[in-house]
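With the hints as extra help, turn the sequences into a complete structure.
Protein chains in written order, with UniProt numbering: chain A, 1 to 249; chain B, 1 to 249; chain C, 1 to 249; chain D, 1 to 249; chain E, 1 to 249; chain F, 1 to 249; chain G, 1 to 249.
These are calculated hints, taken from the structure and not from any lab test. Treat the hints with caution; some may be incorrect.
[To be verified] Taking lysine to aspartate or glutamate and the EDC-like style, the derived pairs with C-alpha atoms no more than 16 angstroms apart in a straight line are:
| no. | chain 1 | residue 1 | chain 2 | residue 2 |
| --- | --- | --- | --- | --- |
| 1 | F | Lys-54 | E | Asp-178 |
| 2 | G | Lys-54 | F | Asp-178 |
| 3 | B | Lys-209 | B | Asp-57 |
| 4 | B | Lys-112 | C | Glu-63 |
| 5 | B | Lys-99 | B | Asp-57 |
| 6 | F | Lys-112 | G | Glu-63 |
| 7 | D | Lys-49 | D | Asp-182 |
| 8 | A | Lys-50 | A | Asp-208 |
| 9 | E | Lys-112 | F | Glu-63 |
| 10 | F | Lys-49 | F | Asp-247 |
| 11 | G | Lys-49 | G | Glu-63 |
| 12 | F | Lys-194 | F | Asp-247 |
| 13 | D | Lys-54 | C | Asp-182 |
| 14 | C | Lys-54 | B | Asp-178 |
| 15 | F | Lys-209 | F | Glu-63 |
| 16 | E | Lys-176 | F | Asp-57 |
| 17 | A | Lys-99 | A | Asp-70 |
| 18 | E | Lys-49 | E | Glu-230 |
| 19 | A | Lys-194 | A | Glu-239 |
| 20 | D | Lys-54 | C | Asp-178 |
| 21 | B | Lys-176 | C | Asp-57 |
| 22 | C | Lys-54 | B | Asp-182 |
| 23 | C | Lys-112 | D | Glu-63 |
| 24 | A | Lys-54 | G | Asp-178 |
| 25 | C | Lys-209 | C | Asp-57 |
| 26 | E | Lys-54 | D | Asp-182 |
[Unchecked claim] Derived DEER-like restraints, expressed as beta-carbon distance ranges:
| no. | chain 1 | residue 1 | chain 2 | residue 2 | range |
| --- | --- | --- | --- | --- | --- |
| 27 | D | Asn-89 | E | Ala-40 | 43 to 49 angstroms |
| 28 | A | Arg-91 | B | Leu-217 | 42 to 48 angstroms |
| 29 | F | Val-117 | D | Asn-89 | 33 to 39 angstroms |
| 30 | F | Gln-144 | E | Arg-222 | 45 to 51 angstroms |
| 31 | D | Ser-229 | C | Lys-238 | 41 to 47 angstroms |
| 32 | G | Gly-218 | A | Asp-178 | 54 to 60 angstroms |
| 33 | D | Asp-201 | C | Asn-30 | 28 to 34 angstroms |
| 34 | E | Ala-40 | F | Asn-204 | 28 to 34 angstroms |
The beta carbon of each residue, even a glycine, is placed where N, CA and C say it ideally should be.
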Amino acid sequence: MSRRYDSRTTIFSPEGRLYQVEYAQEAIANAGTAIGILAADGVVLACEKKVTSKLLDKDGSAEKLYHINDQMMCAVAGMTADALILVNNARVTAQTHLKTYNEEIPCELLIKRLCDVKQGYTQHGGLRPFGVSFLYAGYDDRYQFQLYTSNPSGNYSGWKATAIGANNSAAQTLLKKDYASDMSLRGACELAIKVLSKTVDSSNLNSDKLEFATLSLGADGRVVRKIWSELDVDLLIKELGVLEKADEE
Amino acid sequence: MSRRYDSRTTIFSPEGRLYQVEYAQEAIANAGTAIGILAADGVVLACEKKVTSKLLDKDGSAEKLYHINDQMMCAVAGMTADALILVNNARVTAQTHLKTYNEEIPCELLIKRLCDVKQGYTQHGGLRPFGVSFLYAGYDDRYQFQLYTSNPSGNYSGWKATAIGANNSAAQTLLKKDYASDMSLRGACELAIKVLSKTVDSSNLNSDKLEFATLSLGADGRVVRKIWSELDVDLLIKELGVLEKADEE
Amino acid sequence: MSRRYDSRTTIFSPEGRLYQVEYAQEAIANAGTAIGILAADGVVLACEKKVTSKLLDKDGSAEKLYHINDQMMCAVAGMTADALILVNNARVTAQTHLKTYNEEIPCELLIKRLCDVKQGYTQHGGLRPFGVSFLYAGYDDRYQFQLYTSNPSGNYSGWKATAIGANNSAAQTLLKKDYASDMSLRGACELAIKVLSKTVDSSNLNSDKLEFATLSLGADGRVVRKIWSELDVDLLIKELGVLEKADEE
Amino acid sequence: MSRRYDSRTTIFSPEGRLYQVEYAQEAIANAGTAIGILAADGVVLACEKKVTSKLLDKDGSAEKLYHINDQMMCAVAGMTADALILVNNARVTAQTHLKTYNEEIPCELLIKRLCDVKQGYTQHGGLRPFGVSFLYAGYDDRYQFQLYTSNPSGNYSGWKATAIGANNSAAQTLLKKDYASDMSLRGACELAIKVLSKTVDSSNLNSDKLEFATLSLGADGRVVRKIWSELDVDLLIKELGVLEKADEE
Amino acid sequence: MSRRYDSRTTIFSPEGRLYQVEYAQEAIANAGTAIGILAADGVVLACEKKVTSKLLDKDGSAEKLYHINDQMMCAVAGMTADALILVNNARVTAQTHLKTYNEEIPCELLIKRLCDVKQGYTQHGGLRPFGVSFLYAGYDDRYQFQLYTSNPSGNYSGWKATAIGANNSAAQTLLKKDYASDMSLRGACELAIKVLSKTVDSSNLNSDKLEFATLSLGADGRVVRKIWSELDVDLLIKELGVLEKADEE
Amino acid sequence: MSRRYDSRTTIFSPEGRLYQVEYAQEAIANAGTAIGILAADGVVLACEKKVTSKLLDKDGSAEKLYHINDQMMCAVAGMTADALILVNNARVTAQTHLKTYNEEIPCELLIKRLCDVKQGYTQHGGLRPFGVSFLYAGYDDRYQFQLYTSNPSGNYSGWKATAIGANNSAAQTLLKKDYASDMSLRGACELAIKVLSKTVDSSNLNSDKLEFATLSLGADGRVVRKIWSELDVDLLIKELGVLEKADEE
Amino acid sequence: MSRRYDSRTTIFSPEGRLYQVEYAQEAIANAGTAIGILAADGVVLACEKKVTSKLLDKDGSAEKLYHINDQMMCAVAGMTADALILVNNARVTAQTHLKTYNEEIPCELLIKRLCDVKQGYTQHGGLRPFGVSFLYAGYDDRYQFQLYTSNPSGNYSGWKATAIGANNSAAQTLLKKDYASDMSLRGACELAIKVLSKTVDSSNLNSDKLEFATLSLGADGRVVRKIWSELDVDLLIKELGVLEKADEE
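Written out as structure tokens, the structure reads:
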């Protein structure tokens, strides 16, 4: 019976549901897991790469991680083409704010603007929702490091640690167990790998399957955004393996 | 048979009903309860938080309470993304009025403008109603403290005490029983907690489950808007517990 | 079979009917009764309040009575949010006329403009009719006191006494029986109460159930618009009760 | 089978019919009869009033007769709200012409413009035809007195005598029998009453049931438009009754 | 099965047909016949009048014949209201050309512009084709006298003699038999009557049933457009009757 | 099952087909054959005329051949009204280019612009594809003589010899057999007649059934566009008949 | 059941799929294979030609290869008319960037802009996706030679070697086996032929069936774009045949 109400974003079902928005979330449920963890001295975003081929040219650009401005990055889960539209929108919003007020846009304000766009696609005719969820890692002067998610409905919320995409509830359970609010960024990276190693469907986790990005403060007090090279990722995995073995012994 | 008339806001059913508006209200019926009480010296808004997780980053922002301008706040029940659009609209309307006339917008005028927007989404094609109800707490020079609600149809009304969201009728019955028009703000806060403790589905009410905001007049005669910290909320709950026990003895 | 033609305002049924307009009138048939009576020295509008709660804040504003300009008021039956849109439209039209020609807009002209808007919503696609009927009480230099109604189709007509909303035909029968064209405003008010007391579904008629507004000429020849306080309403009811008893004896 | 082609003005049926236009004409077939007769020295328009109530305020305005400009009037049959839109349109067209060329608009030109509007509503999507037919009585320097009709399709034609609305074919048969092209205006009025008395469903024809308007030339050669008072109508009916009796004897 | 493809102008049927355009032509197939014949010294247009009533006011205007500019006329078959829109469009196009280039618009160019409009109504959504065919008689400096037809599809073609409307194929067969390219205008008029007398469904052909227009060159070399008076038409019919009898003897 | 996907240009079928475009091609498959042959010293376009009547006025204009600019012509197969819109568009494009750059538009560029228009009608809602295919013969400085076709999908391609319309595949087989790339224009004309005589459904090929146009270079090096007179066509056919007989002997 | 969700780009299926986008990809699955290989010193694009006829005029223009700007080319698989729209869009974007910033547009930026357009056609009503996939070969100062693909959804990705169109997965398997990242452009061309000879459905591969384009650096350090002549293609095939035989021996 749900079928009568699931073909447009402009109709509620009798139970007050918007099926098209829920279907859009289904598109995300099959996308690679992305994890974000807020540490005392930074934020880490870690994504599972679903499509891998040795012929892919990975030179210079991450698949699921995007810079927004000098103080924000995001990870996406869902339809990449949809994500690009919104990332572009976010960049323009951020630069317009910077130019108008001569200060970086506060993180939450930027996300709110983006979610206003998303919401519009769930309420007006002749449109479908954006089939993509985001993890935002950001820094601003008022609230320092921050981590947010947003989904196709246009909702957003702030988190200390969370996951989107496939297996996100399993990942969240693991995060809830091991997260400590006084974690260092290094500890957060290790936790991210630990969680992904259990949720990603792969016997052998390595840089082919993972993308990492961190946000931290440099010595000069400026924000340092870093999308990790494959070497760095592999190194971290290796060190963790050694540690774990040490733990086991 | 209702099904022939329930898929658009632009058609009446033979009984003169707009089913889509009623379905939108269904979306609100599952949202957390929000209560508003008008006291002699202020207004209190209290909300139940439905989604809680220790990983949520609650730093600085309430989930269901929003500032509109220096003299108004609101609580929402329903779809958050829809609410954000309207809150933003309200803020712009308020500031435009302030800038044009050099005085704060009268509460009812602001709410009427917002409801005009809501109404439009129930009468024009290719749109769905906003899936959100509001509680507005406001102060203006003419009518002092005021409390209003508005719903997806674009209707609004002034109240001394009322509730929206899940269990709102149970809450209203409790309010009707215990409300006194000469209540102090402190008494209103206590009544709000009392009502929520009976309607919220939780054995142990604490600041994880509640959000509180009050509007009162400061010593200098200016309006004081306060979204309570978790500490303040827990303190109030504790004091009430002591009082109740004292009552019981 | 009517069902093939009842889902849009842009199609006639084979009998030349517009079902959507008729359904909109159905929405009004369930709204509280409103009565208007044209007296020699004024006009009275009286409405039944359907929703009543001791928690409602009735401070300062009537629920179903609206000022339009210095010489006109109206009572509504039907969907309040729809009514507000049209009342706002009427106010702007009235002020624009006043500013342009430096005289109050003639009553019928204002109503005609409003009905043009209403008609448009019954002829163009992607819209539904306004689910509201109006009683207008007005005064202008040419025709003095006047009483009009308009309905969702965009029709309007002038009356000496009429009723809209629930039980309007019963009320009209009563009016037809007792109306005298040389009635004083006081007599018209008494007639309004008498009629409402028989049509409103309530054993005990008081100011909780009624709203009253009158238009008359002040000593200085200016129009006096008055929305009655609850006290005044209750006083009138009481006096009538005394009179009736006197009558009965 | 006609049902596949009767829900929009933008589709022809296989026989080349526009059902929606025909349905609109159905709406007119139930409206009160209106008769127009072109006399040597004027034109008369006479309408049956369907809705009558002693509470209706008939002060100053006819129900189905409208002035267009100083030399034209019209009678309507069908949906009044639709008629008002077109009458307003006609007035603006007439005044614009007067202002632009400093002469009254020729009758046929005005009607053609109005019919262009009507036609548009039978050819473009998202619209329904205007549910109203008109009788136009006009005078211009070139063709002197003229009588036209137009219908929902946007067709118009000139007549010496014709009828629209309920029983129009019966009325036309009577007109065809008794019309003489050298009739005086007085004779035309009498013929109109005679025809209406046979087609209107009422045992006792009087000014409650009738509206009369005449167009003639005054002593100064200017056009005299007159919507008759109830007194004048009743007087005419009475005189005719006397005459008829005289005839019968 | 054709039914799946016959409700919009924007869909082809699997055989590549546009049913709506064909249905529009059906509307024309029931309209009065119109005949055009190109003579050496002029063009004649002759139409059958379908609606006749002695009460119709035929003063000054033909029912199916229209002037376009000083050198062109047209006859229509089909929906009159649709025709008026296009005739008006043609007049504006012709005058615009005259004003811009200071010369009369070439006949074919004008017709092409009109057909561009017609075509647009067969290709864009939310529209229906114009339900009307035209016969155009024109003169320009390059090609002298010319005769064209256009139909609802937006096609047009030049003819020496042709017919549109009811019985057009019968009429064309008769024309093919008797047409001679060196005919005089007088001979063409006689041929037109002869053909109509056989195709029009009437025992007694007279000016009540016929409209005639001719285009010829005056003594001063200027184009003479003439819509015939009823007298002229009757005279021609009478003379032909005499001739025929003479022939028969 | 194809029926679910064949009613709009905005939906693909599950096999990735656009049925409406294919149906438009069906409309062309019934139109008269048109053949184009590129010779060393020119191009010939030859069309079969489907509608013939001795009453058609063929004075001065071909039925299926159009000039585009001084160096291009085209032949059409399909719906003439659609073709006229595109031909007009092509002429404006060509003249705009000429005026802007002071050189004739390159052939392929013009065709590409036209095909962009065609493509738009296969991808946007509320439209149908143009029901017409073209053969373009052109000359420009860079590539000299050229021959192209385009179809309703907006595809175009360059050919040495090709055919569109009815029997186009039979015609193409014949062309493939006899075409030689060093043919003279005269030889190409003869080949065109030979092919048409076998594909056109007529026992006796003559100028009533054929239209011919050629593009060649004049003695002064300028492009000569020629739409053949009926005389020239008949002469060519006659000469070929003599040759053939000679061949047979 | 998928059928309920496959007729518009504006609805998700319950599994979060966009069927129309998948159907568009089906249109590409039947198009000729196109292969791109990134070598150390250049890029090669090779396409299978599906439609071949000795009458096609191949003078000067490739069928499936397009220049975008001085440093980029692309190969297409799918609907050619759709491709032309996007190629034109790309050229304008590239030139606008060049004119605005006085530098060639970075490859990825151009592709991103094009994909934004593609994405829009998968999210807004009344449109269908573009039925075409691209292979882009480009060079810019930052990343030197690059190879990308994009598909109807608006996704794009960078590759070292990949294939689109028919048999693309077979071709990719072959590429994965034989690709070496230190290949020379010559080696890449040989690999392209080898792969195509196995995937193209033809016993005898030659220049009739193939199109080749390469991007390399000239002696002066400028980018050299070359669409190969048929001679060059045949020569390469011949040399490879010799080599293979040598290999076999």
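Hints the structure fails to honour
Those not satisfied are hints 5, 7, 10.
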